[in-house]
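**Student:** Listed below, chain by chain, are the residues.
2 protein chains.
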Amino acid sequence: MENLEANFEPRFAARTKRIQASTIREILKLTSQPGYISFAGGLPAADLFPIERIGEATQRILREQGVQALQYSTTEGHLPLREWIASRVPGATPENVQIVSGSQQGLDLIGKVLIDPGSRVLVEAPTYLGALSAFNPYEPEYVSVPMDDEGLELEALEAALQARPVKFMYVLPTFQNPSGRLMGLERRRAIVELARKYRTPILEDDAYAELYFDGKPLPTLYALDHALGGGNVIYLSTTSKTLAPGLRVAWVVGPRPLIQKITFAKQGADLHTPTLNQMLVYELVRDGAWYGEQIDKIRQTYQTRCHWMLQALQKYMPEDMGWIVPKGGMFFWLTAPAGLDSLELLKKAVEEKTAFVPGQPFFADGSGKNTLRLSYSSASHEQIEDGLQRLGRAIHRMLGRAPVA
Amino acid sequence: MENLEANFEPRFAARTKRIQASTIREILKLTSQPGYISFAGGLPAADLFPIERIGEATQRILREQGVQALQYSTTEGHLPLREWIASRVPGATPENVQIVSGSQQGLDLIGKVLIDPGSRVLVEAPTYLGALSAFNPYEPEYVSVPMDDEGLELEALEAALQARPVKFMYVLPTFQNPSGRLMGLERRRAIVELARKYRTPILEDDAYAELYFDGKPLPTLYALDHALGGGNVIYLSTTSKTLAPGLRVAWVVGPRPLIQKITFAKQGADLHTPTLNQMLVYELVRDGAWYGEQIDKIRQTYQTRCHWMLQALQKYMPEDMGWIVPKGGMFFWLTAPAGLDSLELLKKAVEEKTAFVPGQPFFADGSGKNTLRLSYSSASHEQIEDGLQRLGRAIHRMLGRAPVA
Chain A
1 MENLEANFEP RFAARTKRIQ ASTIREILKL TSQPGYISFA GGLPAADLFP
51 IERIGEATQR ILREQGVQAL QYSTTEGHLP LREWIASRVP GATPENVQIV
101 SGSQQGLDLI GKVLIDPGSR VLVEAPTYLG ALSAFNPYEP EYVSVPMDDE
151 GLELEALEAA LQARPVKFMY VLPTFQNPSG RLMGLERRRA IVELARKYRT
201 PILEDDAYAE LYFDGKPLPT LYALDHALGG GNVIYLSTTS KTLAPGLRVA
251 WVVGPRPLIQ KITFAKQGAD LHTPTLNQML VYELVRDGAW YGEQIDKIRQ
301 TYQTRCHWML QALQKYMPED MGWIVPKGGM FFWLTAPAGL DSLELLKKAV
351 EEKTAFVPGQ PFFADGSGKN TLRLSYSSAS HEQIEDGLQR LGRAIHRMLG
401 RAPVA
Chain B
1 MENLEANFEP RFAARTKRIQ ASTIREILKL TSQPGYISFA GGLPAADLFP
51 IERIGEATQR ILREQGVQAL QYSTTEGHLP LREWIASRVP GATPENVQIV
101 SGSQQGLDLI GKVLIDPGSR VLVEAPTYLG ALSAFNPYEP EYVSVPMDDE
151 GLELEALEAA LQARPVKFMY VLPTFQNPSG RLMGLERRRA IVELARKYRT
201 PILEDDAYAE LYFDGKPLPT LYALDHALGG GNVIYLSTTS KTLAPGLRVA
251 WVVGPRPLIQ KITFAKQGAD LHTPTLNQML VYELVRDGAW YGEQIDKIRQ
301 TYQTRCHWML QALQKYMPED MGWIVPKGGM FFWLTAPAGL DSLELLKKAV
351 EEKTAFVPGQ PFFADGSGKN TLRLSYSSAS HEQIEDGLQR LGRAIHRMLG
401 RAPVA
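Residue numbers (full-length UniProt numbering), protein chains in the order written: chain A, 1 to 405; chain B, 1 to 405.
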């Protein structure tokens, strides 16, 4: 009686070398233990989930359209939801919209359809770690472009586009995960123009778009490209940050030749996003007044929590720790004094029963060793106070200095 | 103002050549028009969806575990559901179980993790079309092995395994889609032994396992392999045929080294299957008595509908039309006189306002031109009578014979 399971290892496809556990995943496991105050997970505030509303909407859907909600449906997605999405994107029709099972699936399908082994994909430094996980199995080469406070540095971007052809550039202009940065209007315009000049499509990931604290939202790269003739931006957004991530409903908006291929790819990947979930999302967002209030509530809550974290950072961090003050979104991005390794710091922080995400995995080029991401979206005032005090102790211990009492 | 969307076509990855619209898809569109009686879609009977029960379970989950149901969760899937699945598979623990968003996603992730361009994947002739759509983007070569009434022909199978290494073989032993065939016990044993002898893993797709009409279910290939030491079968099943396909909850059970890679691949592909849907499925299946009754109801309904279709086939088909009488599942598989092209027949059938799926797309080697699949799972007695009469007219017209009145 021989167990043959060891037989699998040598059978893995070459791409499987690049399919690995992520740091975030291991950390999420760790910090689910009691007693920890974790700022690691990018979890939306569960206390704001519209649970009751979701219950009512589900009952209505099952009563009125139960068979449709539970049967197989088309790969493109629920038409009323696609219409609602198209109505919010300049120049889009439902035929430009593909519903996906979370933005993550959008990233996977776009990678599948566009990336050959060795294709150059341009990313921000840092960039969203989940996008790297989605693209990696398709074996791209990454071109990492540095950022300043306004987003991608233009000179470095143009140099990269000029050097060798790039398949597409992946950009998170609004409250970027992980850095929280907001790309300014002039920078947006310049990047859209550069992309058009070098005939390089932009993949715009706008998961955090609704989460601005003050002021008005800036136009999307998709809208700016549309004003110049369009066809060069793929737009990705989601309900994970405004309704509930557990529903897994997001969308890709893009030029039709691409959307068609994404639809065929999705058909092979999972047939369609659960019908009930799509109908549920539509039931919630179609009531614009309610949806507006829901988003306002999230904005105000995150702004308050962000403010608490800013105060705690000022109180407990050493003077040579730097950070970007977010204008929206869910994250603080910290830059420690050069030489401090944030993975080592995490080990110390865990001893103090707190946690964050080390920054290095967000850099496709392996830089950013002294950076870290803290999420405030799910934390109470007390947790932020206590947790940052713990983190402060860990940092001061590492630097061999006396912590702030 | 230039629209750049034409820019995408030359940017598609090489694999995208193999990401195409499927015949099934186009046919499903067609037959959604009123007036048609379609036997094309493999749609479970919507009149048996447990809508009320799903409503109650959703309310209970939202009331008692609302936050968990709507928050991000682990990639592996909802633990109680994985425990329930493991308890039904010999030798399995929850660590052998990965929840996926429909069997289709299981096929995609297994392809992603195992198939290199040019890898040989052995399939039945015919095989499930959706598996070909899932595997195609990973650019395998298919090795098609013919079947007799009992399943894969053993001599041909051994010759294929001997000739050149095969990455894995994909088998649907129970009420295969499309042919409805049930692989007998001796054939099952022989195939499991051959696979072990040639160190070739089996991917067992068991989507229709519960849908037997009479008698007792046969042991799965997974169970037979387990009895010989295990580690050589990957098992795939789903709730799409017993509860509701729109929920998109299925599972892969397999050796841990493979399941771990599938988990990492799924993390990059869609993070996790919607939590609410997984919890909902668990709420339904955990009540074994109710779940047993639900499946019995489906079995009896399909057996009745199958019987109606058999009677109508005997009445309206020409004498030289052959078919397999199903012992379970959802499909009749017809073999027309050689020379009759079932795609041409479909065009005639559509003129008569009925539809089926031509068999050829189910053959990886392009054979099977004179075969066709009819689904009885969703049809009423009247629809079966009228539809088969229409199909009979179309066939007799094509053959230049007088139809049965």
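These are calculated hints, taken from the structure and not from any lab test.
This structure is a prediction, so every number in the text was calculated from the model and none was measured.
Please note that a few of the clues may not be correct.
Note that identical chains are pooled: a pair holds if it fits in a single copy or bridges any two copies.
[Claimed, not checked] In silico DMTMM-like links for lysine to aspartate or glutamate, alpha-carbon gap of 20 Å or less:
no. : residue 1 : residue 2
1   : Lys-369   : Glu-139
2   : Lys-197   : Glu-352
3   : Lys-347   : Glu-95
4   : Lys-29    : Glu-351
5   : Lys-353   : Asp-341
6   : Lys-315   : Glu-352
7   : Lys-197   : Glu-2
8   : Lys-327   : Glu-344
**Student:** For each hint given before, does the structure comply? Return the numbers of the non-compliant ones in rising order.
**Tutor:** 1, 2, 3 and 8
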